[in-house]
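**Student:** Since chain S is already given, all that's left is putting chains U and Z on it; use the hints.
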Amino acid sequence: MTIKTGFERIRNSALWRSIFRSGEGSSNLHRAQAVQQNLLLHLFSVKIRSRALEFKPTWFLGALTLSTFFILVVTGILLMFYYHPSVPQAYADMKDLQFVVASGVFLRNLHRWAAHAMVFLAFAHMFKVFYRGAYRPPRQFNWVIGVFLLLLTLLLSYTGYLLPWDQLSYWAVTVGSNIAKAVPLMGDKMRFLLLGGHEVNANALLRFYVLHCVILPLAAVALIGVHFWRIRKDGGLYVPEKKS
Amino acid sequence: MSDEPKERAELQSDVRKNPRRIAFITRRTSPQVRTQDDARVMTYPTALLKFIVVLQVAFLALVWWSLTVNAPLEGIADPMHTPNPAKAPWYFLGLQDLLHYFPPMVAGVLIPGLVVAALIVIPYFNINIEGRSIWAKPAHRPWVMAAVPLFTVLIFLLFAIPQFTHGDGALPAVDRFLDLFVPIVPTLLVGGALLLSSRYSPQSPKPFQRWLAGKPLSFWIMTWFMVELIVLTAVGTFFRGPGWSWVLPWRSY
Amino acid sequence: MVVGPSLEELLNSNDQPGPLRSRPSGRELAIFGAVSLVLVVSLAIAPAKNYFSDWRHLQKAYLKLANDRQGGTLVRNFHGGIRQTWIPSLGVVDRCETCHVNQNGALLGSAGQPFRKHPPIPHDLGQFGCVLCHRGQGAATSVEEAHHTTEAWEQPLLPARYLDSSCGQCHLGALPGAPRLNEGRRLLSAMGCVHCHVVAQPDGNVMKPDDNPPPLVHIAEKTSREWIFAWIKNPQAYAASATMPNFQLSDQDAADISAFLIAQSTPSAAVKNAPPTAPSAQPAATANPTEAATLYGSLFCSSCHAVQNAAGNLVGGNFGPELTRVGSKANPDWLRRWLKDPGQYEPDTRMPHYRFDEKQITMLSGFLLAKKDDDLLSKVHLPAANADSVVRGKKLVTESGCAACHQINGVNPPQNFAPDLSRVGSRALSQIVFVPGMKHNVHDYITAKIHDPRSFGPALKMPKFNVTDEQIVALTTALLAQTDRANGLPHELLLSAERKPDYHPGGDAGKLMEDLRCLSCHSINGHGGDMAPDLTREGSSVQRAWLEEFMKNPNTLRPALIRRMPKFNLGPAEIKTISDYILSAYQAPGFDSQTLDAHAMDTDAAARGKQLFYSKYGCQACHIADYKNDKGYVGPALAGVGNRLTPVWMYKWLKDPNALRPGTLMPNLNLKDDEARDLAAFLMTLKAKQNGGAK
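In order, the protein sequence lines correspond to chains S, U and Z.
Following the numbering used here, the numbering of the first sequence begins with 1 at its first residue and continues without gaps.
Following the numbering used here, the numbering of the second sequence begins with 1001 at its first residue and continues without gaps.
Following the numbering used here, the numbering of the third sequence begins with 2001 at its first residue and continues without gaps.
Looking at chain S on its own, in the form it has when it is part of the complex (with noise of 0.2 Å):
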């Protein structure tokens, strides 16, 4: 009982008050308020149906797609304390992470997985939207923005691939630059902009530096946050109607 009573002088005191508005009390018009005076769950309605949260209807792998979107951004974050994005010194961290670092190896393991993890994931949670027919009016530009997303997931993949500056990220990196030569009329000028140089060297490091940590992410956080709101928007999570 004394947690209890004691989580409620916290929640009563001035300053969670100042905080959180919902103040005390545990009814549905707190928890209603606790979801509309949040900045970032404010996007969702405040009851959703429970058939919207089984397993069978998503796989969850929306949820699963966020998930690692979070845990991206998160080791990205503390990868980026000991990167520099400069040839040869982005080898050299590398190996500093795996020899030098406390858990340093975990750590990129952990960013390198969640990668590859949030491309599958995206890719299957597009299907997966697709066979029960989520995509249908009215969240047509819901699927649109999800499209994007995708390729907005592709791209940052794609940036970070050449971060660890070893054979394979470079040749993976050059095999991939090499496409947008095909492109008519502007391919050698996109490749030139993407790359800052016609090879794949120290310029093109840092542009994938930037793209990767800066204004890819910026682009995702912004169209993810379009894309939860327009769920709301959209009806909530689309769940086929049960035959009456």
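Keep in mind that a hint or two might mislead.
Dumping the calculated BS3-like pairs for lysine-lysine here, alpha-carbon to alpha-carbon at most 25 Å [what the hints assert, rightly or not]:
hint, chain 1, residue 1, chain 2, residue 2
1, S, Lys-56, U, Lys-1137
2, S, Lys-56, S, Lys-128
3, U, Lys-1215, S, Lys-56
Everything labelled a hint here was simulated from the structure, so no lab data went into it.
**Tutor:** Chains U and Z in isolation, oriented as in the chain S frame:
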């Protein structure tokens, strides 16, 4: 309350013809569409807790993955030494495998561009909410039956013609055989399933048959795309070796 | 179209939703609790793994050892954690000392690895880090990653037998402490590897071949097509010591190549200038075998040429070709012309131009032609050469790169014929095609490649060389020195090999010395061979009378030696020319009459010198001044030295032998000036009994 209602709402019963929904927004509420009187839960804390458990499970899986498998790291980037094969990240290997068949203009630009465009326009063209079975109209049956083999042959030719024209004489016979027939496998699988489904009735007592028979055209196209994506990506990841020749994944090269 | 419910109805119905659940169920909370617990435990594993790392374990083991042996002091002064040598200018980040904590030997007593003390080396341990010499991955802090090949690091720890190669990254010339490196570099030149392969050192020096392969432009005069066939099929069957590698040719290919080589041959100057009447066709008949053998011995042919004896051992030098079966090879007419003047056939030969008379030539050629092996050519029956086989032969000769070593008419020396080996020690493993079952590292690859090049594929061009396992290790050592790292080192660290400019003595004497190939054996100012004494200061060292007498009959000096200067049969005018030149050109600075007061070298001085010689310094232990009494055989005999050397030379020599001939066995006795002078005076009294002979 015997008067005429002040407002009347009209609902289309045939949603296939007119899929619009009508929402009524009263003051001080958010728009919300009610479908049925479902059981609901409060977002905070119940749904949130569920999300946190999902997040934890995802994190847990990744932690164990990271503890057991180390991220690959090779020697420092060396522009002078091209590894053979130089492979893109796995999610682009389907694309890279296409590059083996088609010129970069087609495989690198045209096909991915078409795929992205198709994905974007899907919701604007497919408006049948229920999804009408491809076999629903008996008049269409012969057309569908003819279109599947035609499409298969077309895909086969698409992959086969570049093989004969750019004449990669250096490749051994086994490679040329696999190059010819592996890309056609997804088309055969999906086309076969499609033709098989024509034998089943949507009223069949067996659930699988019923399920298969009820699928619309869009299902078949998307499935074909998915299987093609999986097969090409798997081929590019596991079965391609030096010079993009066929290898077995457990053999080192 | 149907009429739906009223708005009111809709609103009301919205107020009456299905059941609403506010809180998570107990089951959901239980799942959350369980998952959270597992997650927290799992997250603790990574730091735990970090804590139980190899290096921490080893440092603890070291501290325990130190505590047992030396108690607290060593333990207190020990700084744990990851330790590293960081040298930015060399790109060195070596963390080896994290585990190898006892490199400086602070721990008393012996200890096994990783706590062994580093053996003394000429450099400070921290000066270059560890990896520069030992290779491996210096940045790594786990045993596996530091020592072995991994996906991210191709260069494993260098096996000890190749360790010399690391010295060779900075020391580009000969290095006394690194015999395998020196031998390997010598072999790269001496076996002719660098005819085909470019081996450039970081200072820009490109290694040059030193094996002198014969030109084949007049080959038809010298030998038969059958011999060429047998030779290229298996050079070692003709001469066990042959440098020529085995190209593993088929009979057809060898027949075609031999056909082409005969066809491309043109007459040499020797044939063009020869008198129209050929010399006697039966020279062997007139030669007395014993007398010929004596002549062969007295000319010291075996200083350069080896012959296999009955036991199968090679006896003689390896400067010229082996002569065991020369009778099966050489055309008798060619041999006579060759002995008369080798330069007429091959202008660049190292063989000196002896002034033989006809009788000597007859005897020698008879003696040599008798050295036959009838089995060698008995089974060779070649079909007559036709135009097709000549054309095919030319194609094969071009493709096999014969012209990289040999001069051949109509075939240009190929450029960039074989892979550049300038950085072979750092070759990326992905660039190497390994034979199945081979270890994937560069040193094993090089070893296997030299041992049997064709095991990497029958179509490869590199022939099989006749090398011992020890020579393969030496060659591998020399090649492993050719690294990327060496090319990235700061230039001030590189110690270039001594460059030898081409040296050609001038004037008539110069021509004469060229003709006699003096520099094949003697060296002057660092240029020339090392078989005979350095002549750089010869003019200051010897007396004219002795020199002229020696030229006439060189057998006088050091008669006990097997290798001696041969007798060239020089005429008086030639001897004068060459003596004048040696005495005027090969003078050392500071050897003038001012150095020594000649008046002080009187009989008294000689008497004092004799005392010093026999009593104070005991020179007779090594030298012989008087054949009756002295038994010293370490140094040269000094009986007759008064005829040979100049007093100034003796004086300077006694003062500091090493300054005049670096590396000499003669010790520096730290003689006072007058002692050296007295000894010189004594030595000048040691005149030969009869003119020119000491026997």
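**Student:** Is it true that the CA of Lys-56/S sits at most 25 Å from the CA of Lys-128/S?
**Tutor:** 11 Å, holds
**Student:** Quick one, are Lys-56/S and Lys-1137/U close enough, alpha carbons at most 25 Å?
**Tutor:** This hinted pair is violated, its Cα atoms lying about 31 Å apart.
**Student:** Tell me if the straight-line CA distance from Lys-1215/U to Lys-56/S falls inside 25 Å.
**Tutor:** Distance ~19 Å between Lys-1215/U and Lys-56/S Cα, so the pair holds.
Hint check: a violation occurs at hint 1 only; the rest are consistent with the structure.
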